[in-house]
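Chains as they are written, first to last, in this note's numbering: chain A, 3 to 462; chain B, 58 to 255.
It should be emphasised that the hints constitute simulated quantities derived from the structure, not laboratory data.
Glycine residues also receive a C-beta, built at the ideal position from the N, C-alpha and C atoms.
Watch out, some of these pointers could steer you wrong.
[Unchecked claim] Restraint-style ranges between C-beta atoms, simulated for each label pair:
1) B/SER143 with A/LEU87: 38 to 46 angstroms
2) A/PHE196 with B/ARG255: 35 to 43 angstroms
3) B/SER140 with A/PRO328: 53 to 61 angstroms
4) A/ILE34 with B/ASN106: 42 to 50 angstroms
5) A/ALA420 with B/ASN106: 39 to 47 angstroms
6) A/LEU382 with B/SER140: 28 to 36 angstroms
7) A/ILE258 with B/ARG255: 44 to 52 angstroms
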Amino acid sequence: MKYSSQMVAKPYFIFALILLAGEILFGITMSIQYIYGDFLFPMLPFNVLRMVHVNLLIVLLLFGFMGATYYLIPEEAERELWSPLLAKITFWVFVVAGVLTILGYLFVPYAELTKLTMNDLWPTMGREFLEQPTITKLGIVLVVVSYIFNVTMTVIKGRTTTISIILLTGLFGLAFFFLFAFEFSDNMITDKFFWWFVVHLWVEATWELILGALLAFVLVKLTGVDREHIDKWLYLIIAMTLIAGLAGTGHHFFYIGLPGYWLWIGSIASAAEPIPFFLMILFAYNMIKNRRIQDDNKIALTWAKGTAVVGFLGAGVWGFMHTLAPVDYYTHGTQLTAAHAHLSFFGAYVMICFTLISYAMPILRGRPHGNCAKAQKVELTSFWLMVIGMIGLTLALTVAGVMQIEMQRIPDSAHAMAFMDVQAKLSTIYIIRSLFGVMTFVGLLVYFYSFFVKEERVAI
Amino acid sequence: MQSNQVSREPYPPGDFAIWIVIYVELVTFGLLFVGYAFSRKADILTFNNSQLALNKTSGFIDTLILITSSYFIVKAVHAIKSSNLSLQEANHIASKWLLAAIAFGGMFLVNKFLEFSAIFGQGITLSTNKFFMFYLLLTMFHFMHVTLGTVILFNIFKKTKKDGYSKEDHRGLETGAVYWHLVDLLWIVLFPLVYIIR
């Protein structure tokens with residue numbers, strides 16, 4: 003570790019991993035509810051669990067990104083973090099706000115929660131992903147603004163690199179688009195329109211910039227390839243991401259009451275969205291092929307390659323499957339969407355957090371050359387358990403999605419089966435999905451265990 | 058044996074990255090062109106009637122402007138590659154050609170802006186009908202490309218002012234030139250397809 007302030011990243015990483023464990027456990031519980039509808043009802047109904055599942059995802063990724071940034075920025079800027087204290091305060095504020103909100107979801111009926119947090123004064127609640135009480139949303143704004151301010155000040159006072167510029171662009175974008183979470187319209191179409199400004203422009207535009215910058219940072223460190231070479235790739239990926247991603251918002255505007263031209267804009271622009279992900283694979287493998295140093299932390303490189311490949315599969319391939327308007331007409335909101343969401347969030351965003359954690363945590367724990375071989379072997383096992391678990395889960399959901407489309411969507415209304423009847427027919431597939439979910443969780447536990455594998459002492 | 062030692066021009070010219078951009082652009086516009094063709098086939102009457110509202114002369118002027126500006130870019134690249142000019146002379150000549158190309162790019166943008174004003178003045182929008190949806194999507198998307206291309210050319214122009222390109226190293230110039238030719242090529246397909254063919 004070059005700068006002592008990088009240490010602030012550690013609690014962020016640890017908390018992100020704890021939240022991930024919660025994320026998967028809630029996911030598995032819901033997957034069981036798909037098989038036994040009344041499992042844990044009325045204590046934990048499906049709608050509450052789902053809300054916790056998607057909210058935890060966002061919060062854990064934000065923790066991961068923040069930890070990664072606090073680790074990366076001092077090294078890129080070649081100076082200590084502007085204010086490590088602010089980063090520590092931000093951490094605790096975010097933890098308290100996050101935990102309180104999740105507890106609120108779990109133990110207070112949602113309608114009650116809206117009253118308790120005085121949603122009527124400034125209504126923003128009740129929308130998927132943005133269920134947080136307005137006060138929590140304001141808290142998120144405060145946390146994110148102080149985080150970005152801290153990072154910006156560090157960059158301004160130190161060295162500026164392409165990686166830090168792209169990371170900052172992504173972060174400013176993240177903050178800006180979150181403001182649309184405060185836009186609330188009585189018109190459901192207008193409401194959905196702006197809702198996607200947060201949801202889509204986070205995950206398919208600004209977060210991709212963050213992903214690109216984080217991946218590039220790890221590759222620079224582990225391969226020793228010239229920055230000039232990496233910068234060019236990064237700019238290309240980012241340009242493609244922004245062009246395709248911004249116009250690609252249109253693929254969410256199909257059949258929801260918005261004008262028909264979105265069918266064309268959305269289909270064509272989003273058909274280009276897999277390209278930056280594919281370039282990321284070329285980028286990662288090209289850098290590794292031309293590497294100048296052989297870093298001992300091999301597992302971090304495995305995670306980096308995994309991010310590029312699984313990110314492309316989940317976001318690129320599974321996204322493209324249903325992004326064209328005529329296809330989406332049948333697939334909209336089926337299990338195929340769920341399949342895409344699971345593999346893309348895992349492949350692109352959870353895996354980049356793992357990449358950074360696997361690269362930085364050993365250094366933060368006083369092992370500059372990475373964990374010992376035995377610990378890395380354990381981590382490799384966890385890598386495959388999680389990756390195979392998530393791909394298996396995705397394939398199961400894909401099969402479920404296709405069957406759902408066949409039975410519920412393609413036949414005319416006289417012959418189409420009802421939603422619940424279709425779900426009952428898919429129970430075998432849902433069992434398989436749950437088992438792969440459990441496999442992913444076991445993978446995470448093995449990952450946790452890898453932290454406790456002791457360095458083998460060599461007898462002299 | 059001799060021929061092996063002669064340094065060859067790298068092929069394709071310009072940076073490899075720009076070719077990835079070009080292929081993506083060609084596929085994207087290609088999809089829109091195919092979409093246009095199929096939609097037109099389904100409703101020829103609307104397409105033919107709506108097409109009458111377009112200003113063909115303006116479109117033709119646009120075509121001439123872009124082809125001419127592409128020629129200026131070719132002259133700029135030739136000047137830099139020319140073996141009998143000094144570095145300063147070559148960059149000086151190239152900068153003049155580039156300035157002319159930028160001016161023509163600007164003319165295209167102004168002319169298109171006037172055309173869009175006239176179209177919007179008639180109350181036409183993306184939702185008027187399928188023909189106008191394609192017309193506006195294609196021409197506005199292309200307009201954005203010309204804008205970007207002009208910015209790229211301007212940056213190259215600035216570099217020629219610092220004698221930044223040499224006979225041996227002019228990759229940046231060729232990269233920008235290739236992009237500008239793409240913008241030109243797209244218009245050459247777009248113009249007859251949307252403005253002329255009936």
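Hints versus structure:
A hinted range of 38 to 46 angstroms for the beta carbons of B/SER143 and A/LEU87 is inconsistent with their spacing of about 59 angstroms. In this structure the hint that A/PHE196 and B/ARG255 lie 35 to 43 angstroms apart at CB holds, the actual value being about 41 angstroms. Restraint check, B/SER140 to A/PRO328: a C-beta distance of roughly 56 angstroms satisfies the suggested window 53 to 61 angstroms. Taking the beta carbon of each, A/ILE34 and B/ASN106 are about 60 angstroms apart, not inside 42 to 50 angstroms as hinted.
Judged by the Cβ atoms, the range 39 to 47 angstroms given for A/ALA420 and B/ASN106 holds: they are separated by roughly 45 angstroms. At roughly 57 angstroms, the beta carbons of A/LEU382 and B/SER140 sit outside the given window of 28 to 36 angstroms. Separation of A/ILE258 from B/ARG255 is about 36 angstroms and departs from the stated range, judged on CB atoms against 44 to 52 angstroms.
Violated hints, listed in ascending order, are 1, 4, 6 and 7; each of the other numbered hints is respected by the structure.
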